[in-house]
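J.: In order, the protein sequences belong to chains A and B. If you're matching positions, the first sequence starts at 1 in the working numbering and goes up one per residue. If you're matching positions, the second sequence starts at 1 in the working numbering and goes up one per residue.
One or more hints might be untrue.
To be verified - Simulated crosslink set (DSS-like; lysine-lysine; CA at most 25 Å straight-line):
1. 182/B - 132/B
2. 31/A - 65/A
3. 173/B - 132/B
4. 196/B - 139/A
5. 92/A - 75/A
6. 182/B - 123/A
7. 182/B - 232/B
8. 196/B - 132/B
9. 65/A - 92/A
10. 196/B - 123/A
11. 182/B - 141/B
12. 123/A - 132/B
13. 65/A - 75/A
14. 139/A - 173/B
15. 254/B - 182/B
Said to hold, decoys possible - Some chain A residues near chain B, calculated using beta-carbon distances under 8 Å:
16. 44
17. 125
18. 127
19. 128
20. 130
21. 134
22. 138
23. 139
24. 140
If you are wondering where the hints come from, they were derived from the structure by calculation, not from laboratory data. Since the structure is predicted, the reported quantities are computational estimates derived from the model, not experimental observations. Ideal Cβ placement from N, Cα and C applies to all residues, glycine included.
These are the residues of each chain, in order.
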Amino acid sequence: MRPKRIAKLSSLGSRPTLGPLESQVMEVIWKQGEVTIRDVYDFIRQQRDLAYTTVMTVVHNLHRKGILKQRLDGKTHYYMAVQSRSQFVESKVGELLDALLEDFTEPALAHLINRLSKTDNEKLIALEHLLAERRAQAKRENDV
Amino acid sequence: MFETNWLSAVFNYVVESAIELALVFLAVKVVLRVGKLHDPAALGRFLLLPLIIPALLSPILHLVFPQLSHFAIIVQIENAFPALGRVRLYEEFLSPVLIMAFLLILIYNLAWGLAISLREVRHAFGTDLNDKTTLTRLARKFDVAEPSIVVSERHPTCAYVFGWFHPVIALGKDWLLQLDPKEREAVLAHELAHYKRSDNWQMIIARTCCALMFFNPLAHHVYRELSEAREKAADDLALRVTRNPLALASALLKFWQMEASSIASISEGFATRDNDLENRIRRLCDYDDVFPTTNANGLYYSLFVMLTLVLSLV
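Chain B extracted, bound-state conformation:
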């Protein structure tokens, strides 16, 4: 399979996936600007496409329809500038490799997530915070199964949700002790919003795509923007239930204060992750109580999916 000029094909993949990603990302920005879609939920939904198209959809399409290779960007460039010479089309034999790699990385990410979750549950202890009523009410409002809470001593400032059919919310012990009931409710609602939106699944897929395009800095940028959009979207969904943005802002501020005083936070501070946190807190402080709608952009979304599918042919 690799006897002929495989390096040239890899080069072709690197270039084409970079161009596809850049085009789709640009299209996302244009659609959001033209459609005046300022809703983070919409941004989160759109931003998965620039990652998934070059990493998975494009190789699948080229594998199923080999004749599409004629539309490849690299072919167009070669036709326009014959003096540049020819590179080997990656679609001819790299597509199955890329799809296999995608599946393997996906399985690895799932297994890793499962291992971390199981370890967390094994080392956690139950909470005696008497949140049963709050949890039942939140679960009913989100229309999800009633979640369990585990208190983590291993990660004293964490908060995340996992579980397939039944949500399990892990909360760091130190952070939990600092939260008052309203802040705790806001945090629980935020985590349930992640579960309701299936953010974990989408982020696993995004992480897998990002791993396949590790060489492309734009892929990492898109992943980070996607992650930030999903956090904001979960904030919005949680606020529709709790209607208390200041409680969530206060909980996030306490989280940041704890992180700032821990040794492990030095590197994170340098990595400017705190800027995202600051943006979120400021956004919540200035929340205007006009909750964005998420179903009005269906037309834009459909059109955009079609456009990106066309782009994925190249």
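Only chain A is shown next, with the shape it has when bound in the complex:
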């Protein structure tokens, strides 16, 4: 059972959220709204040197994945995001957490709880130290 579960989780890695260049393209599109490939290319060219065809490939891939939608106006293709940035982030976080909770319920929950109760952990560690100190003190007094 366990190997199957791990394989299932690794399949999550085969559909990563967004690559570095895809993220950059999406940031431009979320910022600009409706854009052409030329618009995206011009914007990114201000920050880094890359070919027009690379940007075109990335935009086409995003469209193929359903993250962008396309509108044809005359001979020009316009692209826009299917979801707003916050909606996109929310849905991806949800997918990731669902997959984790489904396959690795206990470790995932334990990790979330540990993160949520970070203050508690700090307090607990401080109290553990205090208790150990008092025990050592009591032991020393008994020895004397």
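Chain A is fixed; fit chain B onto it per the hints.
T.: Same frame as chain A, but now just chain B:
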């Protein structure tokens, strides 16, 4: 009974009970400060009064002595400021309703406690932890009937005591497995201290009063302070028998660690209940072995009861 301006009477009850509670609570704080009573047992004993006086004693007194209504705070305020108009005195017809409500809620709380205890016993299994000698010794020292232990799987981190004539201590399975013999003895002594002090009964009465004054945030604050004082008082009583505060501190720390890693604890953590636990553990770690006395404050207690009875007339 309710044909005349009952809303005004309810308003009167809300205001008067709030003033009474605040006055008695303030008096508790002053008496404890003046008498230098730092003993949680004393605090626990005093703190029941701010709840029970406005919720029960005051309505009973006004029912038995209707002429006392002239002393009511609201009457004094109305006399001083006639322009404010008159509200209907709740004492005239709400007192029997309040006493009935108190009894009904008390019966409900008792029945609920009994149902939970019976369910716990039915689903629990006995312990094979060989604590018989420890239990016998503790029971003899506390001068109570020898308790039974039930191990709860339904509440794996719990520890509480119930029973009328014979104490039954319920311990959560997971927590119990983590305790060494000294820590277990400390926990058992703490629970027996609750039984010896009749804390369950007093907390049921306090909870009933709190339910009657659900609208008053101060009542909930007093209830929480009372609950914390009783836990500390049970710690003190247990330590007089076991003389091992570090074992109890260690058991509480293990309890907290288990709670912190359970899903159900998230909400409790946000409710700052853990602060009480932290205070108790720190207090036990720094216990100075000078066990507070509980019988030296009898005079203060008597005076205070008289004072609060006077306050309950208003």
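J.: Restraint: residue 139/A near chain B, CB-CB cut 8 Å. Satisfied or not?
T.: Residue 139/A check fails; min Cβ-Cβ to chain B is 10 Å, beyond 8 Å.
J.: Starting from residue 31/A, check that the Cα of residue 65/A is at most 25 Å away, please.
T.: Judged against 25 Å, a Cα distance of about 20 Å means the pair holds.
J.: Starting from residue 182/B, check that the Cα of residue 141/B is at most 25 Å away, please.
T.: holds (16 Å)
J.: Between residue 182/B and residue 123/A, is the straight-line Cα distance small enough, at 25 Å or below?
T.: Holds. Residue 182/B to residue 123/A sits at ~24 Å (cutoff 25 Å).
J.: Is the hinted pair residue 65/A and residue 92/A satisfied, with a Cα-Cα distance of at most 25 Å?
T.: holds (14 Å)
J.: Does residue 128/A pass the interface hint, meaning its C-beta sits closer than 8 Å to a C-beta of chain B?
T.: holds (7 Å)
J.: Check whether the Cα positions of residue 182/B and residue 132/B lie no farther apart than 25 Å.
T.: Since the Cα atoms of residue 182/B and residue 132/B sit roughly 14 Å apart, the hinted pair holds (cutoff 25 Å).
J.: For residue 182/B and residue 232/B, compute the direct alpha-carbon distance and say whether it is at most 25 Å.
T.: Status holds; Cα separation ~19 Å.
J.: Has the given pair, residue 92/A with residue 75/A, been kept, meaning a C-alpha gap of at most 25 Å?
T.: Not OK: residue 92/A and residue 75/A at ~34 Å, beyond 25 Å, violated.
J.: With the threshold set at 25 Å, check whether the alpha-carbon distance from residue 254/B to residue 182/B stays at or below it.
T.: Holds: residue 254/B and residue 182/B sit about 13 Å apart, inside 25 Å.
J.: With the threshold set at 25 Å, check whether the alpha-carbon distance from residue 173/B to residue 132/B stays at or below it.
T.: Cα-Cα ~18 Å, so holds.
J.: Would the hint on residue 125/A be counted as holding, given a Cβ-Cβ threshold of 8 Å to chain B?
T.: violated (10 Å)
Violation of the numbered hints given earlier is confined to hints 4, 5, 10, 12, 14, 16, 17, 23, 24; the remaining hints are satisfied by the structure.
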